[in-house]
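What follows is the residue order along each chain.
2 protein chains.
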Amino acid sequence: MGYRTYLDLIRPLLRPDQESYSSGMRGEIKRAQTAMAAARGGKKVALVSSGDVGIYGMAGLVLELCREQGIRPGPLTGGPGVDLPLEIVPGIPALAAAAALLGAPLMHDFAAISLSDLLTPWEVIESRVRAAGAADFVIILYNPKSSQRDWQLGRVREILLELRGPATPVGIVSRAMRPGQTVIRTDLARLSEYPVDMQTIIIVGNSQTFTFADFLVTPRGYADKYEF
Amino acid sequence: MGYRTYLDLIRPLLRPDQESYSSGMRGEIKRAQTAMAAARGGKKVALVSSGDVGIYGMAGLVLELCREQGIRPGPLTGGPGVDLPLEIVPGIPALAAAAALLGAPLMHDFAAISLSDLLTPWEVIESRVRAAGAADFVIILYNPKSSQRDWQLGRVREILLELRGPATPVGIVSRAMRPGQTVIRTDLARLSEYPVDMQTIIIVGNSQTFTFADFLVTPRGYADKYEF
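Sequence lines, in order, name chains U and Z. If you read the first sequence in the numbering used here, its first letter stands for residue 1, the second for the next number, and so on. If you read the second sequence in the numbering used here, its first letter stands for residue 229, the second for the next number, and so on.
By construction, these hints were calculated from the structure, which means they are not laboratory data. Please note that the accuracy of each hint is not assured.
[Said to hold, decoys possible] Chain Z stretches covered by chain U per the calculated footprint, using a threshold of three residues with CB under 8 angstroms from any CB of chain U:
id, segment
1, 300-309
2, 318-324
3, 436-446
[Stated by the list, open to error] Some chain U residues judged to face chain Z by a derived CB distance under 8 angstroms, without partners named:
id, residue
4, Y56
5, L61
6, R72
7, L76
8, V89
9, P90
10, A99
11, T120
12, W122
13, R128
14, F215
Ideal Cβ placement from N, Cα and C applies to all residues, glycine included.
Assemble the whole structure, with the sequences as input and the hints as a guide.
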């Protein structure tokens, strides 16, 4: 079970005797509830997210629903009082896939921020961008834009330009490791010039990040400390 | 090639005709240089890190060394002027593996901070802990302690207790998905009571994180927005 776009990616791996259920954007609550009901009915269910199910993914929604509905989750082995045996399987998060395609931008401390203000007040998001920008974190922007949200990324760029130079390296990765993948290396000044969507992740370097031979690198600091 | 502990984990997967080279802690510069020299000499080399090579891993060190030594890295396909064909392969980072074992603590914005002050001034680390704490990020602490660094984690706990309640959920995961794995769910007040080492990662919840049936959950906010 999963969002249609992601389930289509793994469809070639399914066996003929496996059932599948997919739905579109914003169907995530129904999807999670359908998965939970099927699992409680005795089926073995895999609820699939893109990247890692535990990073802005479906794992938390299932647990939020369990709490709201008085369903007790527990280990796959079950046990007394366990209504829903559950295992969360980690994957390769979008931030790791994007970083690998760009070079090595996550060698030093980083902050991940989702720009979706559907469930989070914009003031909270903006305060996190400011805090991470001021403390010189590498910043990873999830959900930079959607058809209903078109101004948030521009505002984030303005805030970061108050705190970092216009030449700060920026990487823009869409559909990492999937058909249609694009990888763009640019800088903070030109961040707004490229197309982004819900399948895009953006990495903004810290004050030390440099571009070298097409690789984005945030140094750990070896070159300062040791003679090579 | 890799750090001895990590290479030992994959040794059963090596073919008899494959050579291996490992070394101990703090041998990372020599290890990277040996790998680079072998690759430039025509061997196919895999330089192995734990978790994801791109998150506080070896990918950045190789690129730092390339820049210092005037070696031009490029794609695996080579090309004009490329001295070192290089591909960075993402993996499952420790933060994702630990999160999955704990539940779903990374459903909302998070910051990763390494407490190793070997290459980073302690004041920078402390300022990032303060900034991430004040902006209500979930906080992931890498390298919390080593035989030479024993007071840093206690100091971080003090700082976070100024900004968050003592009952804030905390997860302590060592050797995630490996022999000797331990998973501890506790809170900020009791963070110092458990053994941690260089193979431990710590996740400190934000103001919304809760513990439910042995799962650590940072809600995305669905329950506030929708009727279930």
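Now for the hints, and whether the structure bears them out:
Under the rule that three or more residues need a Cβ within less than 8 angstroms of chain U, the assignment of the segment 300-309 of chain Z holds, with 3 such residues. With 5 residues having a beta carbon nearer than 8 angstroms to a beta carbon of chain U, the segment 318-324 of chain Z meets the requirement of three or more and the stated coverage holds. By the rule of at least three residues with a Cβ nearer than 8 angstroms to a Cβ of chain U, the coverage given for the segment 436-446 of chain Z holds, with 7 such residues. For U/Y56, the shortest C-beta to C-beta distance to chain Z is roughly 6 angstroms, which falls under 8 angstroms, so the interface hint holds.
Because the smallest distance between the Cβ of U/L61 and any Cβ of chain Z comes to about 6 angstroms, under 8 angstroms, the interface hint for this residue holds. Among the interface hints, the one on U/R72 holds; its C-beta lies about 5 angstroms from the nearest C-beta in chain Z, closer than the 8 angstroms criterion. The beta carbon of U/L76 comes no nearer than 13 angstroms to any beta carbon in chain Z, farther than 8 angstroms, and the hint placing it at the interface is violated. Because the closest C-beta pair between U/V89 and chain Z is about 6 angstroms apart, less than 8 angstroms, the hint holds.
With its C-beta approaching chain Z no nearer than about 4 angstroms, U/P90 sits inside the 8 angstroms limit, and its interface hint holds. Using the Cβ-Cβ criterion of 8 angstroms, the hint placing U/A99 at the interface with chain Z is satisfied: the shortest such distance is roughly 4 angstroms. With its C-beta approaching chain Z no nearer than about 6 angstroms, U/T120 sits inside the 8 angstroms limit, and its interface hint holds. Here the hint on U/W122 is broken, as its CB sits about 13 angstroms from the closest CB of chain Z, past 8 angstroms.
Hint on U/R128 holds. Least Cβ distance to chain Z is approximately 5 angstroms, under the 8 angstroms limit. With a least beta-carbon distance of about 5 angstroms to chain Z, the hint placing U/F215 at the interface is held under the 8 angstroms criterion.
In terms of the numbered hints stated before, the structure departs from hints 7 and 12, listed from lowest to highest.
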